[in-house]
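These are the residues of each chain, in order.
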Amino acid sequence: MQTGNLLLLLIVMVALAYYLGHQRSLALARPLGGIRHLHSLPFYYAMRAALWCALPALLILGGWLAFDDTIIRQTVMQGLPEALRPDSDGARGLLLSQIQNVASGALSPESVDPAIAAAAERLNNLRTTSAMALTVVVIAVGLVGAAWGWVKIAPQLRARQQVESILRVIFMLCATVAILTTVGILMSVLFESIRFFQKVSPAEFLFGLQWSPQTALRADQVASSGAFGAIPLFVGTLLISTIALLVAVPIGLMSAIYLAEYAPPKVRSVAKPMLEILAGVPTVVYGFFAALTVAPFIRGVGESIGLDVASESALAAGLVMGVMIIPFVSSLSDDVITAVPQVMRDGSLGLGATRSETIRKVVFPAALPGIMGGILLAASRAIGETMIVVMAAGLAANLTANPLDAVTTVTVQIVTLLTGDQEFDSAKTLAAFALGLMLFLTTLCLNILALHIVKKYREQYE
Amino acid sequence: MSKTTEQVRKSLARRYRAERRFRAYGIISIAIGLAALAILFTDIIGKGHSAFFEHYVKLDITFNEQTLDIENAGDPEQLNYGNYDGIVREALKARFPGVTERLQVRELSALMSIGAGYELRDLLRENPEWLGTTQTLWLLADDDVDLFLKAGEKGREDSRMSVEQKAWITELEAAGDTERRFNASFFSSGDSREPELAGIWSAVVGSFFTMLVTLCLSFPIGVAAAIYLEEFAPRNRFTDFIEVNINNLAAVPSIIFGLLGLAIFINLFGVPRSVPVLGGLVLTLMTLPTIIITSRASIKTVPPSIREAAMGLGASRMQVVLHHVLPLALPGMLTGAIIGMAQALGETAPLLLIGMVAFIVDIPTGPLDASTVLPVQIYLWADSPEQSFVAMTSAAIMVLLAFLIAMNTLAVVLRKRLERRW
Chain A
8 MQTGNLLLLL IVMVALAYYL GHQRSLALAR PLGGIRHLHS LPFYYAMRAA
58 LWCALPALLI LGGWLAFDDT IIRQTVMQGL PEALRPDSDG ARGLLLSQIQ
108 NVASGALSPE SVDPAIAAAA ERLNNLRTTS AMALTVVVIA VGLVGAAWGW
158 VKIAPQLRAR QQVESILRVI FMLCATVAIL TTVGILMSVL FESIRFFQKV
208 SPAEFLFGLQ WSPQTALRAD QVASSGAFGA IPLFVGTLLI STIALLVAVP
258 IGLMSAIYLA EYAPPKVRSV AKPMLEILAG VPTVVYGFFA ALTVAPFIRG
308 VGESIGLDVA SESALAAGLV MGVMIIPFVS SLSDDVITAV PQVMRDGSLG
358 LGATRSETIR KVVFPAALPG IMGGILLAAS RAIGETMIVV MAAGLAANLT
408 ANPLDAVTTV TVQIVTLLTG DQEFDSAKTL AAFALGLMLF LTTLCLNILA
458 LHIVKKYREQ YE
Chain B
3 MSKTTEQVRK SLARRYRAER RFRAYGIISI AIGLAALAIL FTDIIGKGHS
53 AFFEHYVKLD ITFNEQTLDI ENAGDPEQLN YGNYDGIVRE ALKARFPGVT
103 ERLQVRELSA LMSIGAGYEL RDLLRENPEW LGTTQTLWLL ADDDVDLFLK
153 AGEKGREDSR MSVEQKAWIT ELEAAGDTER RFNASFFSSG DSREPELAGI
203 WSAVVGSFFT MLVTLCLSFP IGVAAAIYLE EFAPRNRFTD FIEVNINNLA
253 AVPSIIFGLL GLAIFINLFG VPRSVPVLGG LVLTLMTLPT IIITSRASIK
303 TVPPSIREAA MGLGASRMQV VLHHVLPLAL PGMLTGAIIG MAQALGETAP
353 LLLIGMVAFI VDIPTGPLDA STVLPVQIYL WADSPEQSFV AMTSAAIMVL
403 LAFLIAMNTL AVVLRKRLER RW
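Sequences listed follow chains A and B, in order. Residues 8 to 469 (our numbering) make up the first sequence, in order. Residues 3 to 424 (our numbering) make up the second sequence, in order.
In short, the hints are calculated from the structure, not lab data. Check before you lean on any hint, since a few could be wrong.
[Unchecked claim] Facing chain B, from chain A, some residues (calculated, C-beta under 7 Å):
#1 I173
#2 R175
#3 V176
#4 A182
#5 V184
#6 I186
#7 G191
#8 M261
#9 I264
#10 Y265
#11 L282
#12 S387
#13 N454
A virtual CB, placed ideally from N, CA and C, is assigned to each residue, including glycine.
From just these sequences and the hints, can you work out the full model?
Below is the structure:
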C-alpha cells in the first residue's frame, strides 16, 4: 500500500479509536451516575486511546521509511557475486544506479550482466515485500494500540494526567528540533569536510592562492588534481560584503536616526514599512536586477569614463546586496536608538546642545553596542547571501581587491560545485562541504557575537 | 555680555548649519532607500509587462492529406504523427509566393512557433471534417517575431532576424494579419525551451505543494516548541541551549540548509531528489526559527491574569495553555506563520542544492512528483540566452511579488483585525 494511503487509513483508525474510547467512557460512567464520577473528562479517555493508536504506529512508520531504502540497498549489494562487488565508493554508486535503472525498467534486463538483472529483481522483490510488511505492521500496531487504550479505560484511570504528560513530551521534542537541526548541519558539513581534508590538506585549503576545482577525468591530464586554495574565494566574499556594508551601513543608520529622532509620526509610519519591503523582496529578484540592470549600467558608465569594467563586476553585486541589507541595519538600529532613555536626550538638550549634537554625542554612543550588533548581523547576512552573487558575480576565482573586476564567492562555489552532474565522492563535491563548514563557522561566530552584544546592551537600560 | 556667551553666539550659525546638514543626510538616506525600491519595481514592471501578451499571425491553412500524411482524421495514431509544420510552411509559402529558395523557405517557416503545429493537431482532432479543407486560422508566432512586433523603431533595427524576415513581418503587420493577444499560456503551461510556449504554471503548482508541506510541518512544530519554551520549560542549561540554537538558526545562511538537505535527507534517508516533500522539509527547518520566535512573542502578550483566572477555577497547566492561552495567541502565531511562509516562498538557494532546478514541463500532480518552484524557475529563465526570456523572467517575478504582497497584506490585515489590546 502506498504511504499516503496508509497514512489516511491510520487517520481513520485514530478517529475510530477516539470515538470508541469516548463511547466506552460514557458507557462506564452511566451506571455510576454520570461523568462526574469518572476521574477525567471523556475527552481525555478518548484522546488516550487515540494517542495509543497513533503514536506507536507513526513511530514505526517514520523509522521504517527513513531506513528501509538504505537497508534494502545494502542487502542487494551483499547478495551480488564476489566478482561484481565494487571496490570503491564511486564504483558502488555506479553499480547501484545501474541496478536501480534496471529495476525501474529504464534499462532492459537483457542489456546487462545477468547477475545485475538478478540483483534488480531482488531489489524489486525486497521493495514490494518491505512495502507490504510495513502496511501489515503499521495496521497491526495501530489496532493493538487502540485496543489497549480502549480496554484500559476505567473510571479510576488517570487519563488526563497521562494525556497531558504525553503532550508535554511531544512539545518538548518539537522544541528540540532546533537542536537536532544544528546537530544535523554540523554533522553534514563536518563529516564531508573531514573526508575532503583527507584528500586535500587543510593548510592548502585555507592558505592556497589557487582555486580551480575542475578535477580531470583521466589521471594523465594536465592539472589533474585540481587546486583547492580558498583564499581567492574568501577575498571575493569579503570584497563583495564590504561593498554591501559600505552601502548599507551609512544609509541604514542615517535612515534609522532620521526615522527615530526627526520624522513626524506620519512619515515614520509610511517610510518604515516601505523600507522594510526591501527586506521582503526575494533574493533571486535582486540577483536578476543586479545581473541585467545594474551590471550593464555600471559597465556602461565605466566605459564612458574610460574604465575597464568586467561585465560581472563585484561592484554590481555588492551595491545590490547593500540595498538588500539596508532594512536590516535600519530596523535593528531603530530599535536600539528608540531604546535609549529619553532622560539622556532631555539632559543634553537642556544643556543647550542642538538635536544633531545630542544624537551624535549622547544617543549614538549610548546606542553604539546595539548598532554594532546589528551591523554584525548584517555582515553575516551579506557573507551568506547566495542568489545575488550566483547570478551577478563571476565564476572565475580572481585574487583581486579591485571592485570593477569579477570575483567569485564561497556561496557561488558551493552552488556551482553541487548543481548539475556530480559524483558524490570526488574532491570537487566534498570541497563544497568544506566551504559550507567555513561559511557556517564564520556566520556562527558573527551571530553569537552579535546576539551577545545586543543582549548585553539591552540589559544595560532595562 | 560674557565671553562665553559671545563665543556661543558666534558658533550658533555654524551649529545650525550642521544641524540642517545632519537632517538632510537622514532625508537623503531614506530617499535613496525608497528610490532603490522604486527603481527595482519600475525596472521589473518595465521589462516584464510585455510578456503578458503575445502575437498571433493569420494564415490560410490547408489541411492537405498528402502534406500531412494523414488519410483518416479519426485515427489518433495518424493524427499524432502528422506533418503539421509542413502545412504551416505551405501556408506561409502561399502567403508569400515569391519565396522558393530552400534557405529562404526555412527562414520563412521560422516565423511561426513550433506550438502552431501542436495547435493545428488539436484543432484537427476536434474537427476531423477539416481534413482536406482550407481554414483561416490565427496561429502563434515565434518569439523573435513577437519581440520584433513589440519593439519600437530602434529595437526593430537591432532584432537578430534577417532583412527578409523583417520585410515579411512588416508586410503581415501592414495587412493587419498580426494580432496581439493576452498570453494565457504563460499562466497555464509548464516550462519550455521555446519562450512563446513556456509558462509558470508547473512552477506555481510546485511552489504550492512545497509550501503545503512546509506549512503542515512547520506551523504545528513551531507552535508546540513555542508553547513548551514559554509555558513549560524549566529554567536550566538545556532550555538556554535550545534558545541559543533557535536564535542562531534564524541567522544561518539559507544555503547551509541546502547542504543539510543534501547530506542528511538525500544521502542518509534516501528521500528522492527534486520533489516538493524534500523542498518542504528543508524549508521547514529554515522557517521554524521564525515561527517559533513570533509564536513566543505572541504567547508573551497574553496577560498573566488570564492564566491565573483559569488556574483559580481548577484548570491544569495544560488546560490553561490549550483552552485559554493558545486561542488568544493564535492570531499572532498565524501572522508569524504567514510571514515565515512568504520568506520560504521566495527562497531559492537551498532548493538549488537539493535538485529542484530540473527542467519541468509537466504539471506536478502531487508532493512526490519532480517539480520546480517559482523562484527557481525565475533563476533558470534568467540564465537562458533567448532575449524573450528576459521579459518572461520579469513577468514571473511580478507574479511572485504579487503572491508575496498578497501574503504580507493578509498578515497585516489579520494582525489589525484580530489583535487584541489588553
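Hint numbers the structure violates, sorted upward? 1 and 3
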